[in-house]
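Based on these hints, arrange chain S on the given structure of chain P.
Number of protein chains: 2
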Amino acid sequence: MSADDINYGEGDARERLLALAEQFYEQFETGDVPQLQVPTRTKSNIEYDEDSDVWVYGDRHSTRSAKTVSGAQKLLKATYTIDFLAQQLDEDRSSTLRELYYLSESWDLDEAQFNDQDESNQLVEDLEIVSGATREDFHMRPEESGATLMGPLLLREQTRRGEREIHCQEDVGEGGYQIPNNPDQIEFLECDADFVLAVETGGMRDRLVENGFDEEHNAMVVHLKGQPARATRRITKRLHDELDLPVTVFTDGDPWSYRIYGSVAYGSIKSAHLSEYLATPQARFIGVQPEDIVEYDLPTDPLSDSDINALESELEDPRFQTDYWEEQIELQLDIEKKSEQQALASHGLDFVTDTYLPERLEAMDIL
Amino acid sequence: MSADDINYGEGDARERLLALAEQFYEQFETGDVPQLQVPTRTKSNIEYDEDSDVWVYGDRHSTRSAKTVSGAQKLLKATYTIDFLAQQLDEDRSSTLRELYYLSESWDLDEAQFNDQDESNQLVEDLEIVSGATREDFHMRPEESGATLMGPLLLREQTRRGEREIHCQEDVGEGGYQIPNNPDQIEFLECDADFVLAVETGGMRDRLVENGFDEEHNAMVVHLKGQPARATRRITKRLHDELDLPVTVFTDGDPWSYRIYGSVAYGSIKSAHLSEYLATPQARFIGVQPEDIVEYDLPTDPLSDSDINALESELEDPRFQTDYWEEQIELQLDIEKKSEQQALASHGLDFVTDTYLPERLEAMDIL
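Protein chains in written order, with the UniProt record's numbering: chain P, 1 to 367; chain S, 1 to 367.
No lab work stands behind these hints: they were computed from the structure.
Hints may be right or wrong, so weigh each one.
The list makes no distinction among identical chains, and a pair is therefore deemed to hold if it is satisfied within one copy or across any two copies.
Unchecked claim - Computed list of lysine-lysine pairs in DSSO-like fashion (alpha-carbon distance at most 30 Å, straight line):
#1 K225 / K270
#2 K270 / K67
#3 K74 / K337
#4 K225 / K74
#5 K74 / K43
#6 K67 / K337
All values reported here derive from a predicted model rather than from experimental measurement.
Same shape as in the complex, but just chain P (with noise of 0.2 Å):
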């Protein structure tokens, strides 16, 4: 199975799992030595794909091989966690990474265990890619969870315990709707929403809602809760794609903020075999830029060495290789300062929802 062939998200992952054990014995049976290729996870081997618009892995590979007794151990693990995953499949349930990590524990044999939880999530990363599958396709959920939906959308999502219909502001309290592990267990029925405002911090969040900015703009606020989820990042991609809404990214102004802001819009490193899943690459960012902290006479604090230095390895990273993130980033290494979102309520509770988000939402044509 190449590359070309993934399709993240359909398909039958427990199928997929068990025709990469095959290969193992294929192999054998060839006479060759086993062998999975993984692409090289690293800043370098990531390309901007001019088809999809988001980042991917390049063409550089690394192999497991078993001619080392550390690369036969890799595989060895790997086709034990294969044979837990398929197993978890048939039965309908599902684990955490963490949860796998301790089952194999259990497993009859030593070399099989995990060493460290890293080992055992850098596998299950490494079977989505050569897989196809997705971690969420093998059931499998993380520990961070997801976080919340505000706006005028009725979705419907499939619980283990039956359908549930919810409405995103009407059957919900004032913490919303909290987005389940899987977001691909939603449906979508009915959306009154002009577009999404996904938001960095839950104070700026509370604040949105509390000002009713949802129900004035039609706005879906999704909360991000710092670095986002998968799942939130999925469900991001869904309004997008599915529903044809807007997306902005509205998050502080600092380096890791823009971060987050290119983790919904082009996908992580970690993640580039994933971005055709989660990332969005229309979406806008709306977040405090440099150029607000001038002109807004925002509080600020001083960048330390370690925001200077992000700031730096941004203007190396390909996916903030355009004029206007070269223009802010220069801009706030000029000035030496960041802002926080919440740094707006210098210029009382309400700038944010009556002044600033709708100016920066009319000049990119949503308002």
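For chain S alone, coordinates are given in the frame of chain P:
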């Protein structure tokens, strides 16, 4: 107003705040230097209150007095904050602690502005203590979001958009019901739960929900999400006090998790003034015990130096001076190991719900 008058969660927060400001005027009039007395908030100044069964502040006080420039500035900031909060309550608005910090930048007097957010956070805590109202009564929201509930409970939440009736199994997705920032907006309508199981990690919370533990045993599963937010502790206490549900706290088996249990059961040093509002002294520990590590041969990690220090400091902590805790902590220092709740998966994904928890709950006479 003395600490004895304090009755948290009741009364008119706005009047209590204005009474504080009035007190400064009175002190001026009688020729006294304006001052505020606040209990010293250190471990050595918390003591066990026999009546309420929780740990509260002792007799030691710190004085914020206008005798010094820095003390005068503290009182100035307090009056500006009181002014802002009184206005916020007038308008039925709310704000986050971080917004308060940034808002102070718009105040006309530079000396009244906060230097950092620690300062504004601390002031709000001081105002809680001396006014006898809670931060929630001031309509101050935290950054941290509350966690989730899943279980046989029908509740009514008073939102800014009207009332919402929500059943925490039938009307929610697999993510559960999102606890709002101020759970006193919730009214319990119908409850079929027999007990509360408050769970530290998301992975374990999801395991219990997947295995239908809440349905099979009529459990209210409260997700603590690590060190629990105030909203989570408050609703846990209300589930105990108003619905008469036994509360159990299910955590990892390490000193940091014992503190999570401690903050649910006895309150925290930082918020000992709110113990009667937040703490559930009847809560029982059902987390991984050092004796479980031995008995079930759980996968472990070695104790780090900071783990050992934390355990030793717990031995000194009045909240942990019971035979049970001394025995468990001594055992843990002896075996030098810790274990996570998800480590129970080493006996299979159903061990925790089929064996471990039922056995513990039976031993506690809850099942």
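Exercise for the section: Output the numbers, in ascending order, of every earlier hint that fails for this structure. Expected result: 4 and 6
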